[in-house]
Structure formats: structure tokens, C-alpha cells
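Chemist: Letter by letter, the chains look like this.
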Amino acid sequence: EDKVVQSPLSLVVHEGDTVTLNCSYEVTNFRSLLWYKQEKKAPTFLFMLTSSGIEKKSGRLSSILDKKELFSILNITATQTGDSAIYLCAVRETSGSRLTFGEGTQLTVNP
Amino acid sequence: GAGVSQSPRYKVAKRGQDVALRCDPISGHVSLFWYQQALGQGPEFLTYFQNEAQLDKSGLPSDRFFAERPEGSVSTLKIQRTQQEDSAVYLCATLDSRGRILTGELFFGEGSRLTVL
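Residue numbers (this note's numbering), protein chains in the order written: chain P, 3 to 113; chain R, 11 to 127.
For the record, the hints were derived by calculation from the structure and aren't laboratory data. Glycine included, each C-beta is placed from N, C-alpha and C at the ideal position. Some hints here could point you the wrong way.
Said to hold, decoys possible - Partner residues aside, some chain R positions facing chain P, computed with beta carbon under 8 Å: (1) Tyr20; (2) Val22; (3) Ala23; (4) Asp34; (5) Gly38; (6) Gln51; (7) Glu62; (8) Ala63; (9) Phe75; (10) Phe76; (11) Ser83; (12) Glu115; (13) Phe118; (14) Gly121.
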């Protein structure tokens, strides 16, 4: 059974700090890893990663995948209060369309 | 529509009642997923449709859970004889399975929050 583990489960920082969120996974036939941001509503897509070592970047957010060590990190630099949310990591197998999600990291950015 | 629409947004049921949760997908999106998200947890897969065909229902936790999508558009998740452990947010997500699956961009609705007393 696919398994996705995120850490930390909860993180409180001050505006301007840089944070690193971790995601490790076990999946039989890995296809892709995805990051989502969930505020008090629907998860919204951030990144999809399929290849090791290639950084995806969007503004202050970036993410990278290590397929050998089976993990990914999501970095947020110069955090803002609007970054406060749950960050979800999910993996997809080659055999299907479903995503297996981790528990999420609850990030709180204080002013 | 512009996005995935779910209703009701909030539902309170007494234990033993039946509930029905509705998902209106983005027009033209052939793939539709239902996920269950308990408090403090990530979404857990329930079931998946490709058009009207239910291709995977392995995540449905018991035979009290039933999902349908008879015309390949609107989907309904029905929970019979609700129990307290069914309390969760039920998320619907869709994608068009042609271009989007390459980007992985599932479009989620805002969810239906079910509370079973």
C-alpha cells in the first residue's frame, strides 16, 4: 500500500522566515509527486515533480524531488501571513489516476 | 461551470440517517474523484469515475457508502445509516484526463462538511 509521510505536522514561524517542509513516500510504481496548498477550502495545486534533482519554482515557493531517497521538500522563502495553510504532499502511481496524500503540514506564519 | 461545485457545504445528520452529497464537476472534465478528509488528516481516496464508469471504488470504507455518476457529469456520494466516524469533509476533484493529467492539476471543490451526531 502506498504511504506518504509529511513532517513536521505543524510549524509556527514569523513573517520573513524561510521554511522547509518534508515529504517521504513509499510507492510501488512511482509516477509523480504533487504539492497542494489547502486553506480553509479546496486544496490548490502548487507543483508536480517527476524527475529527480530538477527544481520547480514559483515565486517564493520551490520544490525538488529525490527519487533515490524517496523524498521531496517544499521551500518557502520570506514567508508571509498569507502562506498560512496546510501543505499537502501526494503521490501518483503509474497504474492509475488516484493520488495518495500525506497528513499535511499545518504552517502558521505570524506577523 | 467555472469550478467544481459541491453541495451542501455543511450537513448535520443524526446517527442512522442517510445523506447524499452532490458534486458538479467542471464542464468537460471526464475524471471525477471523491476523497474523505477527517480533521487533521490528509484526504483519503474513496472512489474514481471516468465519465459514467466507476473504475475504482476500493477506497469506500464500507457498503454503507455508494457513489454514482449516471450521465458522466454530476456525481452523488451517498452514505447510508451514518455513523459518528463518518464525520469528515468530503472533497470532490476532477480533471480532464487529457492535458491536465500531465500537469497533475486536480481541481478540487470546497467540500461538504458532514457532522454526524
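Chemist: Does the closest beta carbon of chain P sit nearer than 8 Å to the beta carbon of Phe76 of chain R?
Modeler: 18 Å, violated
Chemist: Any CB of chain P closer than 8 Å to the CB of Glu62 of chain R?
Modeler: 16 Å, violated
Chemist: Holds or violated: Phe118 of chain R as interface residue toward chain P, Cβ cutoff 8 Å?
Modeler: 4 Å, holds
Chemist: Using the nearest Cβ pair, does Gln51 of chain R come within less than 8 Å of chain P?
Modeler: Nearest chain P Cβ about 6 Å off; hint holds.
Chemist: Would the hint on Val22 of chain R stand, with a C-beta cut-off of 8 Å toward chain P?
Modeler: 19 Å, violated
Chemist: Under the criterion of a CB-CB separation shorter than 8 Å, is Phe75 of chain R in contact with chain P as hinted?
Modeler: 16 Å, violated
Chemist: Checking hints one by one. Is Ala23 of chain R an interface residue toward chain P, by the C-beta closer than 8 Å rule?
Modeler: 22 Å, violated
Chemist: Can you verify the interface hint for Asp34 of chain R: is its Cβ closer than 8 Å to any Cβ in chain P?
Modeler: Interface hint status for Asp34 of chain R: violated (13 Å vs cutoff 8 Å).
Chemist: Restraint: Ala63 of chain R near chain P, CB-CB cut 8 Å. Satisfied or not?
Modeler: 13 Å, violated
Chemist: Would the hint on Gly121 of chain R be counted as holding, given a Cβ-Cβ threshold of 8 Å to chain P?
Modeler: Constraint on Gly121 of chain R satisfied, holds at 7 Å.
Chemist: Can we keep the Glu115 of chain R interface hint, with Cβ of chain P closer than 8 Å?
Modeler: Because about 5 Å separates Glu115 of chain R from the closest Cβ in chain P, which is inside the 8 Å limit, the hint holds.
Chemist: Can Ser83 of chain R be said to touch chain P, with a Cβ gap under 8 Å?
Modeler: 18 Å, violated
Hints 1, 2, 3, 4, 5, 7, 8, 9, 10 and 11 from the earlier list are contradicted by this structure; the remaining hints agree with it.
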